[in-house]
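Peer 1: Go ahead and model the full structure; you've got the sequences and the hints to work with.
Count along the sequence shown starting at 1, add 11, and that's the number in this note's numbering.
Please keep in mind that the hints were generated in silico from the structure rather than gathered at the bench. All residues carry an ideal CB built from backbone N, CA and C; glycine is no exception. Treat the hints loosely; a few may be bogus.
Have a look at the derived ranges for each label pair, beta carbon to beta carbon [to be verified]:
#, residue 1, residue 2, range
1, Leu88, Thr208, 38 to 48 Å
2, Val211, Asn40, 39 to 49 Å
3, Leu20, Glu91, 15 to 25 Å
4, Leu20, Ser92, 18 to 28 Å
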Amino acid sequence: MDKTEVYHLINTLNQDQERCRVIKTVSFNFGRTSTSIFGTFAVCMAQKLPQTECLTFWQCEWEPRQLHAQVFVHITLAFESVTVLELRDALFPSAAVFGRLVRALPRLSSLKCWNVVFEKHGYVAGRIWELHPLRLDDAEVWSSDDVADFLVFIGAQLRHLFWRSRSLNKCLELLPVTAESLLSLDFRPQTFLVDFTPAVNLGVLSISSHLEDLDTVAKILSHVLLPKLTEVTITSTLVYTGAFSSSFIKDGLDGVDKDSYALLD
12 MDKTEVYHLI
22 NTLNQDQERC
32 RVIKTVSFNF
42 GRTSTSIFGT
52 FAVCMAQKLP
62 QTECLTFWQC
72 EWEPRQLHAQ
82 VFVHITLAFE
92 SVTVLELRDA
102 LFPSAAVFGR
112 LVRALPRLSS
122 LKCWNVVFEK
132 HGYVAGRIWE
142 LHPLRLDDAE
152 VWSSDDVADF
162 LVFIGAQLRH
172 LFWRSRSLNK
182 CLELLPVTAE
192 SLLSLDFRPQ
202 TFLVDFTPAV
212 NLGVLSISSH
222 LEDLDTVAKI
232 LSHVLLPKLT
242 EVTITSTLVY
252 TGAFSSSFIK
262 DGLDGVDKDS
272 YALLD
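Peer 2: In C-alpha cells, the structure reads:
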C-alpha cells in the first residue's frame with residue numbers, strides 16, 4: 012500500500028464516521044517497504060478509532076528516524092484504545108524505537124511477536140520505565156529473543172507467557188523477572204533445565220514436547236512444588252510429521268516408561 016492508497020482509505024473512512032467507530036482491528040502489511048504510511052494514517056485518524064482493540068504489523072522494517080517523535084503522539088491519539096499489538100516479521104532499528112512504539116499505546120496489555128529483531132540493543136534509561144511502567148498482562152514470543160531481552164530490561168510483570176523459541180536461555184532469563192506475577196506458562200523447551208520454583212502463583216502450566224521426551228518431562232514435573240498449580244497440560248508429538256498408522260502411534264505410546272505416568276500422578 013502506497014501513500015495514495017492510504018489517503019484514499021483515510022478519505023473513505025472519514026466519509027463514514029460510524030464505520031470508524033466499530034473498527035476492532037487495524038492491520039498493516041508493509042511488504043518490507045517504508046512504514047511512513049503508518050505515521051500518515053495515525054496523524055489523519057487521531058481520535059477517530061475509539062473501539063479499535065488490535066493493531067497488527069506484517070513484514071515491517073522501521074528505518075532510523077523514519078517517524079518523527081511528534082508522530083508517536085498521534086499514534087497515541089489514534090490508537091489509545093488498543094490493547095493488543097501483533098508484530099510479524101518485524102525489524103526495528105533499535106530497542107529504543109520498539110519501546111517508543113509500545114509506550115505510545117497506553118492501554119496495551121497483550122504483546123504478540125513473531126520473528127521480531129532489533130538492529131541495536133541499547134536501551135533508554137531505566138528511570139523512564141520506572142516512572143511510566145508498561146503494564147503488560149500477557150506476551151506471546153515466537154523466535155523473538157530481542158523482545159525477551161526488552162521484557163527483562165523493563166521488569167515486565169506478566170500474568171501469562173506463551174513461549175516458542177529455540178533459545179531457552181532467554182526464557183530462563185525472563186522467568187525470574189516475571190515469576191511472581193505469572194499465572195500461566197505455555198512453552199516448548201529444548202532442554203528441561205527449568206526452575207519453576209519462583210513462580211509461586213503459577214496456576215496453569217502447558218508443555219509441548221516430543222513423545223520421546225515424555226519421561227524427562229515427567230521427572231521434572233514430579234519435583235515441581237507450586238502451591239497454586241491446578242492444571243498441567245502436556246502435548247507430546249512424534250518427531251516424524253508424516254502420516255501415521257495406528258500401530259505406529261501405539262508403538263510410540265507403548266515406548267513411554269510406565270513409571271512416567273506414575274510420576275505425573
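Peer 1: If a hint holds in the structure, say so; if it does not, say that too.
Peer 2: Each hint, compared with the structure:
1. Leu88 to Thr208: 38 to 48 Å: Holds: the Cβ-Cβ distance is about 44 Å, inside 38 to 48 Å.
2. Val211 to Asn40: 39 to 49 Å: Distance hint for valine 211, asparagine 40 holds at roughly 42 Å.
3. Leu20 to Glu91: 15 to 25 Å: Since leucine 20 and glutamate 91 have Cβ atoms about 20 Å apart, the given range 15 to 25 Å holds.
4. Leu20 to Ser92: 18 to 28 Å: holds (19 Å)
Checked against the numbered hints given earlier, the structure satisfies every one of them.
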